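S.K.: Full structure from sequences and hints, please.
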Amino acid sequence: MRHIFKGLMTATALASMVATAAHADEPKKGGTLVTVLGSNVRNLNSAVQSGIVTGFPGAQLFASPLRYDENWEPQPYLAETWETSEDGLTVTLNLVKNAKFHDGTPLTSEDVAFSVEVIKANHPFKSMFAPVESVETPDAHTAVLKLSKPHPALMLAMSGQLMSIIPKHIYGDGEITDVKAHPRNNENVVGSGPFKLVEFKNGEHVILERFDDFFIDGRPYLDKIVMRIITDPAARAIAYENGELHMGAFESLPRIINRLKGVDSLTVTPDGYGAIGPLDWLAMNTTKGPLADVRVRKAIAYAVDKNFIHKALMQGTAADSTTGIHPDSPFYAAQDGYDLDLEKSAALLDEAGYPVKDGSRMSLTIDFGWPGVKPQVEYVKAALKKVNIDVEVVSSADFPTWAKKMGTGDFDMSWDTVFNWGDPVIGVHRTYDSSNIQKGVWSNTQGYSNARVDELMAMAAVETDDAKRKELYAEFQAIIADELPVYHTNTLPYHTVYNTEKVGNPPIGIWGTSTPIDMTYLK
Amino acid sequence: MNFLQTLIVRVAYAIILLLAVLVLNFSMMHLAPGDVADTIAQANGGADAEVLAAIRAEYGLDQPFLVQLGRYIGNVLQGNLGYSFYYREPVTELILQRIPATLLLVFSAQILALLIGVLLGVISAQKPNGLTSHFVTFIALFGYSAPVFWTGILLLIGFSLQFQWFPVAGMRDVTIEGGFWVKSWDVLVHLILPMITLASVFLALYSRLTRATMLEQLRTDYVRTAYAKGMPHGTVVYQHALKNALSPVITLAGLQFSAVISGAVLVEAVFSWPGLGTLAFTSILARDTPTILGILFFSALVVIIGNLLTDLAQKLVDPRIGGKG
Numbered sequence: 000m001r002h003i004f005k006g007l008m009t010a011t012a013l014a015s016m017v018a019t020a021a022h023a024d025e026p027k028k029g030g031t032l033v034t035v036l037g038s039n040v041r042n043l044n045s046a047v048q049s050g051i052v053t054g055f056p057g058a059q060l061f062a063s064p065l066r067y068d069e070n071w072e073p074q075p076y077l078a079e080t081w082e083t084s085e086d087g088l089t090v091t092l093n094l095v096k097n098a099k100f101h102d103g104t105p106l107t108s109e110d111v112a113f114s115v116e117v118i119k120a121n122h123p124f125k126s127m128f129a130p131v132e133s134v135e136t137p138d139a140h141t142a143v144l145k146l147s148k149p150h151p152a153l154m155l156a157m158s159g160q161l162m163s164i165i166p167k168h169i170y171g172d173g174e175i176t177d178v179k180a181h182p183r184n185n186e187n188v189v190g191s192g193p194f195k196l197v198e199f200k201n202g203e204h205v206i207l208e209r210f211d212d213f214f215i216d217g218r219p220y221l222d223k224i225v226m227r228i229i230t231d232p233a234a235r236a237i238a239y240e241n242g243e244l245h246m247g248a249f250e251s252l253p254r255i256i257n258r259l260k261g262v263d264s265l266t267v268t269p270d271g272y273g274a275i276g277p278l279d280w281l282a283m284n285t286t287k288g289p290l291a292d293v294r295v296r297k298a299i300a301y302a303v304d305k306n307f308i309h310k311a312l313m314q315g316t317a318a319d320s321t322t323g324i325h326p327d328s329p330f331y332a333a334q335d336g337y338d339l340d341l342e343k344s345a346a347l348l349d350e351a352g353y354p355v356k357d358g359s360r361m362s363l364t365i366d367f368g369w370p371g372v373k374p375q376v377e378y379v380k381a382a383l384k385k386v387n388i389d390v391e392v393v394s395s396a397d398f399p400t401w402a403k404k405m406g407t408g409d410f411d412m413s414w415d416t417v418f419n420w421g422d423p424v425i426g427v428h429r430t431y432d433s434s435n436i437q438k439g440v441w442s443n444t445q446g447y448s449n450a451r452v453d454e455l456m457a458m459a460a461v462e463t464d465d466a467k468r469k470e471l472y473a474e475f476q477a478i479i480a481d482e483l484p485v486y487h488t489n490t491l492p493y494h495t496v497y498n499t500e501k502v503g504n505p506p507i508g509i510w511g512t513s514t515p516i517d518m519t520y521l522k
Numbered sequence: 000m001n002f003l004q005t006l007i008v009r010v011a012y013a014i015i016l017l018l019a020v021l022v023l024n025f026s027m028m029h030l031a032p033g034d035v036a037d038t039i040a041q042a043n044g045g046a047d048a049e050v051l052a053a054i055r056a057e058y059g060l061d062q063p064f065l066v067q068l069g070r071y072i073g074n075v076l077q078g079n080l081g082y083s084f085y086y087r088e089p090v091t092e093l094i095l096q097r098i099p100a101t102l103l104l105v106f107s108a109q110i111l112a113l114l115i116g117v118l119l120g121v122i123s124a125q126k127p128n129g130l131t132s133h134f135v136t137f138i139a140l141f142g143y144s145a146p147v148f149w150t151g152i153l154l155l156i157g158f159s160l161q162f163q164w165f166p167v168a169g170m171r172d173v174t175i176e177g178g179f180w181v182k183s184w185d186v187l188v189h190l191i192l193p194m195i196t197l198a199s200v201f202l203a204l205y206s207r208l209t210r211a212t213m214l215e216q217l218r219t220d221y222v223r224t225a226y227a228k229g230m231p232h233g234t235v236v237y238q239h240a241l242k243n244a245l246s247p248v249i250t251l252a253g254l255q256f257s258a259v260i261s262g263a264v265l266v267e268a269v270f271s272w273p274g275l276g277t278l279a280f281t282s283i284l285a286r287d288t289p290t291i292l293g294i295l296f297f298s299a300l301v302v303i304i305g306n307l308l309t310d311l312a313q314k315l316v317d318p319r320i321g322g323k324g
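As you go down the protein sequences, you meet chains A and B in turn. Sequential numbering of the first sequence, starting at 0, is according to numbering that gives the first Met the number 0. Sequential numbering of the second sequence, starting at 0, is according to numbering that gives the first Met the number 0.
Treat the hints loosely; a few may be bogus.
To be verified - Mimicking BS3-like on lysine-lysine, the simulated pairs with C-alpha atoms at most 25 Å apart in a straight line are:
1. A:K27 / A:K522
2. A:K469 / A:K148
3. B:K182 / A:K200
4. A:K297 / A:K380
5. A:K501 / A:K223
6. A:K223 / B:K182
As the list claims (entries may be wrong) - Sample of chain B residues with no beta-carbon within 10 Å of chain A, all distances over it, derived:
7. Y12
8. I15
9. V66
10. L95
11. I138
12. K182
13. W184
14. L204
15. L208
16. E215
17. G229
18. G233
19. F297
20. S298
21. T309
FYI, nobody ran anything at the bench for these hints, they're computed from the structure. Model, not experiment: these values are computed from the prediction. Glycine included, each C-beta is placed from N, C-alpha and C at the ideal position.
M.R.: The structure is reproduced here in structure tokens:
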């Protein structure tokens, strides 16, 4: 079977996207969108810095080969069309001819080749471009990626959040070998995206303005984007409410989400985070103590009432999640949950050889790394008390302290939040792959090892047929849900907030705001 | 001891103190488990051991403790506070950029707290058991007891959300175009809520202290004498009694200076005020050791200088204090 992904003409893509997102409103040109970032930005260059805070300005400043619509379908962006060879080892990108960087230099395949090199060397997601061996540049507008093995995750990896095309003539200037520390990452940033940098004051704001020579005609619609940096969630909420902010994303406090839902002028939606895929879970160290026994892990799952977590702690703002893959992903295969059953839990614990002695079966610890999840860990403590498991809550002074403990396997249980980052290859495998055990935080910190799981992931990483990949991941998810290296409880309730009367076509595709917002307009 | 000698001795003490602060801070930061490499990994959604090791090597975090300490102190002595891992900028530059915003906030809040606090104190001292006095005491106590972030959010809900008089966050509105006066007005509008929030804490201290010292002064013989001579009430209170009552208030104001800076951390966080407090807050969360150490060093410097200036101010108000110097 030959896999040819033929890109649609840009105009058609635009028409279909606008038609689904906005009903009667015609996009209008002009205006300044005032939006917000919830924390400081380390770096504006998304080729060397991942994360959702860099993703927003990064995707405006830099263009990527592809973009994705809300149905997880790749759309042309810098690449007009693209083609994968029959054996899956060659991916050819046909670049648009009129793409220019903000300094007027034309964008060529040389820049694509250079960007892949930089990303491979600097980006934290090694699995993303690891199979890419070289990039050939037969002409200025053709880039041919040569792979060591088929790599279906490459498609998603070529969208905005993950593959910024950066200018070779600036970052490859020979004086600075380390692109991560390049001064042009934060000032006088030059990309080929819809907006160019006007001013970046860390702790205050990022200001972008329309790039008139953007390669898609007539876009972007906005003249200017002001990204204010407001770190306090309560202050942000008030700013949405009084109209100071037109739009914002990644709001995750249930109390605030529910309050803002009650405001007439605002739309508050959880749509648009499928590719980012943030999941909350109870991690269990499978390498030592009682938790090495899968029956104990199951007993814990039966004793924790997800219903309570959803209704009381998340106040109805989060979706259920039962596997390592986000429910909005096409690869998600829902599993039967562990409904609250204290008798079953107790029976499993008896069976595993932990009878009640002096009122207690065992003592465990539960860690947490940031204050926001304290209610969750306190709840786990209370819930497990009911099956006579004593839990001690361990709070770390700050994130690095917690990260250290996770990275060295110095924990029994921990509350954790981890992102999928688009394709399972990029953000899911790392948690379960036995070759990725104990190498710092957000690796396989649970020390989980299952040969079949490793095999399934290895097959899914090179399977080019989507239907077959789905099957492989379905089996993978069933095993994970059965063996419980982590107990999946809920999605992180990220929400996008926008002023319904002012913002047209807000970014609620699969990448949230980590996507070019050249189609967003002010009414 | 003459003034110059006192000064030299005190400066010498200050330098020794600062060195001790440096060593202590550095050691304490070093003792904490985990480091900035983990935070960098966090910002990136996780990284493998190879990347972590590379980050550690890049910033010299893999060196022995004493080597790191020695290097750090050497750098500080040369006026170099190091390089921020998190912001990717020299720490000195980061701090210098943020100082104006914090000084503006801290000074305006201090002045507001002093003016209103002293005024309320004087008013309530004149009728210590009257309704006004009780009201003032209540307000002062309330401001002092309420956590600043709570006061801040309360003011935001009232004045930014309900009345929409003041903006929610930041120090200026970048969408506003205009000359110097337009921009200054904009900063002032942004300043008012954080200033009131920060002042509310110290207002209580100043009003209560003023009230107490005023009551004391009003009972003294020289006040009685002044009245007996037929001096008007206002002159007695504001020119004679108040002048004497102010001395301890100024001492307190000076001593509070460091507290104002630490109080500013929370106020700045709530209002996204782009000052040192916000910088400290984010650096601590990110374990950006050089920046945290830089801010601590700078704060120690401010406290020491603040104390020196307080002594001088005291002497100006009441030359009897430390008469020998």
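S.K.: With reference to the structure, classify each hint as holding or not holding.
M.R.: Outcome of the hint check:
Distance check on the hinted pair: K27 of chain A and K522 of chain A sit about 7 Å apart at the alpha-carbon level, within 25 Å; holds. Between K469 of chain A and K148 of chain A, the direct Cα distance comes to roughly 19 Å. Compliance with the 25 Å bound is thereby established for this hinted pair. For the given pair, K182 of chain B sits about 17 Å from K200 of chain A by alpha-carbon distance, which is consistent with the 25 Å threshold. With a C-alpha separation of about 16 Å, the suggested pair K297 of chain A and K380 of chain A falls inside the 25 Å cut-off, and the hint holds.
Annotation: proposed proximity of K501 of chain A to K223 of chain A holds, straight-line Cα distance about 15 Å (limit 25 Å). Restraint check: the Cα-Cα separation between K223 of chain A and K182 of chain B comes to about 20 Å, which is no more than 25 Å; the hinted pair holds. The claim that Y12 of chain B lies off the interface holds: its Cβ sits roughly 32 Å from the closest Cβ of chain A, which is beyond the 10 Å cut-off. Residue placement check: I15 of chain B keeps its beta carbon more than 10 Å from all beta carbons of chain A (closest about 29 Å).
No Cβ of chain A approaches the Cβ of V66 of chain B within 10 Å, the least distance being about 21 Å, so the stated non-interface status holds. Remark: the non-interface label on L95 of chain B is consistent with the geometry, its nearest Cβ contact in chain A lying 13 Å away (cut-off 10 Å). For I138 of chain B, the condition that its CB be more than 10 Å from all CB atoms of chain A holds, with the nearest at approximately 24 Å. Listed as a non-interface residue, K182 of chain B keeps its Cβ farther than 10 Å from every Cβ of chain A; the least gap is roughly 14 Å.
Every CB of chain A is more than 10 Å from the CB of W184 of chain B (nearest about 17 Å), matching its label as outside the interface. Every beta carbon of chain A lies more than 10 Å from that of L204 of chain B, the smallest distance being close to 26 Å; the non-interface claim holds. For L208 of chain B, the shortest C-beta to C-beta distance to chain A comes to about 32 Å, beyond the 10 Å cut-off, and the non-interface label holds. Every CB of chain A is more than 10 Å from the CB of E215 of chain B (nearest about 42 Å), matching its label as outside the interface.
Interface exclusion of G229 of chain B from chain A stands, the closest Cβ pair being 56 Å apart, more than 10 Å. Against the 10 Å criterion, G233 of chain B stays outside the reach of chain A, whose nearest CB is about 44 Å from its own CB. Remark: the non-interface label on F297 of chain B is consistent with the geometry, its nearest Cβ contact in chain A lying 16 Å away (cut-off 10 Å). Every Cβ of chain A is farther than 10 Å from the Cβ of S298 of chain B; the closest lies at roughly 18 Å, confirming the non-interface assignment.
Every CB of chain A lies more than 10 Å from the CB of T309 of chain B, the least distance being 30 Å, so the non-interface label holds.
Violated hints for the displayed structure: none, as all numbered hints are satisfied.
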